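Asker: Given next are the chains, with one letter for each unit.
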Amino acid sequence: MTTSTTFGALESAKSRVLPLLMTGLLGVFIIAVSGFAQMDVVHNAGHDYRHSMAFPCH
Amino acid sequence: MSVFRNAVFLAAIAGLFAGIVMTGLQSFFTVPLILQAETYEAAAPAHDHGAHDHGEGAAADHHHDEEAWAPADGAERTFYTVLANVVTGIGFGLLLVAASEIAGGIAGWRQGVVWGFAGFAVFTLAPGLGLPPELPAMPAADLFARQVWWIATVGATAAGLALIVFGRSVLLAVLGVALIVAPHAVGAPQPATHETPVPADLHQRFVVAVTVTNLLFWLVLGAAMGFVRARFSGPLGTPQNSLA
Numbered sequence: 227m228t229t230s231t232t233f234g235a236l237e238s239a240k241s242r243v244l245p246l247l248m249t250g251l252l253g254v255f256i257i258a259v260s261g262f263a264q265m266d267v268v269h270n271a272g273h274d275y276r277h278s279m280a281f282p283c284h
Numbered sequence: 040m041s042v043f044r045n046a047v048f049l050a051a052i053a054g055l056f057a058g059i060v061m062t063g064l065q066s067f068f069t070v071p072l073i074l075q076a077e078t079y080e081a082a083a084p085a086h087d088h089g090a091h092d093h094g095e096g097a098a099a100d101h102h103h104d105e106e107a108w109a110p111a112d113g114a115e116r117t118f119y120t121v122l123a124n125v126v127t128g129i130g131f132g133l134l135l136v137a138a139s140e141i142a143g144g145i146a147g148w149r150q151g152v153v154w155g156f157a158g159f160a161v162f163t164l165a166p167g168l169g170l171p172p173e174l175p176a177m178p179a180a181d182l183f184a185r186q187v188w189w190i191a192t193v194g195a196t197a198a199g200l201a202l203i204v205f206g207r208s209v210l211l212a213v214l215g216v217a218l219i220v221a222p223h224a225v226g227a228p229q230p231a232t233h234e235t236p237v238p239a240d241l242h243q244r245f246v247v248a249v250t251v252t253n254l255l256f257w258l259v260l261g262a263a264m265g266f267v268r269a270r271f272s273g274p275l276g277t278p279q280n281s282l283a
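Those protein sequences? They're chains A and B, same order as listed. Heads up: the first sequence is residues 227 to 284, going by the numbering used here. Heads up: the second sequence is residues 40 to 283, going by the numbering used here.
No wet-lab data here; the hints were simulated from the structure. None of these values were measured; they are calculated from a predicted model. Note that the Cβ used here is the ideal one computed from N, Cα and C, for glycine as well. Honestly, I wouldn't trust all of these hints.
[To be verified] One side only, chain A facing chain B, incomplete, derived with CB under 7 angstroms:
id : residue
1  : Arg242
2  : Leu246
3  : Met248
4  : Thr249
5  : Gly250
6  : Leu252
7  : Ile256
8  : Ile257
9  : Ala263
10 : Asn270
11 : Asp274
12 : Tyr275
13 : His277
14 : Ser278
15 : Ala280
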């Protein structure tokens with residue numbers, strides 16, 4: 227009984243890690259585009275925001 | 040899949056809310072200072088983006104052409120600032136939900152505030168020590184070098200905090216402190232000269248305004264996430280309360 231419960235908990239912890247890593251990667255991607263991308267259009271659109279977030283911008 | 044969907048949902052709600060709050064704070068505290076500094080930009084011919092951002096070879100890449108699209112001042116510019124704030128609010132929300140769920144999940148808004156403080160320390164406080172917020176018309180070191188230092192500092196501070204809070208031994212905590220200190224021992228890339236037409240007191244007010252608005256942004260983001268999660272916790276599971 228105890229063994230199977232432990233196994234179940236481990237299994238569910240494992241199955242959570244991959245989707246959570248994907249969640250984190252999506253966040254990194256979004257921040258990279260909005261905060262770091264050097265395209266002029268993205269830069270100009272987010273100019274005030276980038277300065278206000280203190281991103282190393284230009 | 041439901042873990043991913045629920046994590047994104049949580050980040051989207053909290054990020055949307057925090058991004059909108061952030062825009063209100065910025066329009067009062069930081070944007071007026073940015074606009075004021077831009078009046079010095081015209082008076083500073085040395086502030087040619089292409090010249091100091093990159094090595095000579097890459098200078099053309101990031102020169103702000105006259106033709107490059109930019110939002111018109113006023114409502115349009117504010118609209119894009121809201122958009123950027125909401126998008127990044129969701130981006131930071133995704134990182135926060137990923138980190139906090141791996142650590143067991145945020146139990147309520149109060150614990151969310153603690154997570155928000157951690158986010159502030161990692162993304163604003165630590166990189167801001169070496170690279171204080173800049174106003175337009177201020178000199179800065181090579182952009183790529185600053186971005187590398189910024190990312191390395193954020194990563195080291197996050198890892199260091201995690202080791203201190205979740206590490207199970209004193210040794211790991213000491214290692215965590217070392218990781219947090221290391222980027223500042225190395226030092227951030229600095230410009231060749233700090234000469235700028237921007238008055239020092241304007242910059243000082245801007246640094247305070249940016250730091251405080253970012254603190255509020257992170258506290259709102261964390262609290263909103265804890266609050267929403269407490270109401271939709273089913274699919275993500277009961278918090279494991281590892282943040283004892």
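Asker: All the hints need checking, so say for each whether the structure fits it.
Answerer: Quick rundown of the hints versus the structure:
no. : hint   : in the structure
1   : Arg242 : holds (5 angstroms)
2   : Leu246 : holds (5 angstroms)
3   : Met248 : holds (6 angstroms)
4   : Thr249 : holds (4 angstroms)
5   : Gly250 : holds (3 angstroms)
6   : Leu252 : holds (5 angstroms)
7   : Ile256 : holds (3 angstroms)
8   : Ile257 : holds (4 angstroms)
9   : Ala263 : violated (11 angstroms)
10  : Asn270 : holds (4 angstroms)
11  : Asp274 : holds (5 angstroms)
12  : Tyr275 : holds (4 angstroms)
13  : His277 : holds (5 angstroms)
14  : Ser278 : holds (4 angstroms)
15  : Ala280 : holds (4 angstroms)
Violated hints amount to a single one, hint 9; each of the other numbered hints is respected by the structure.
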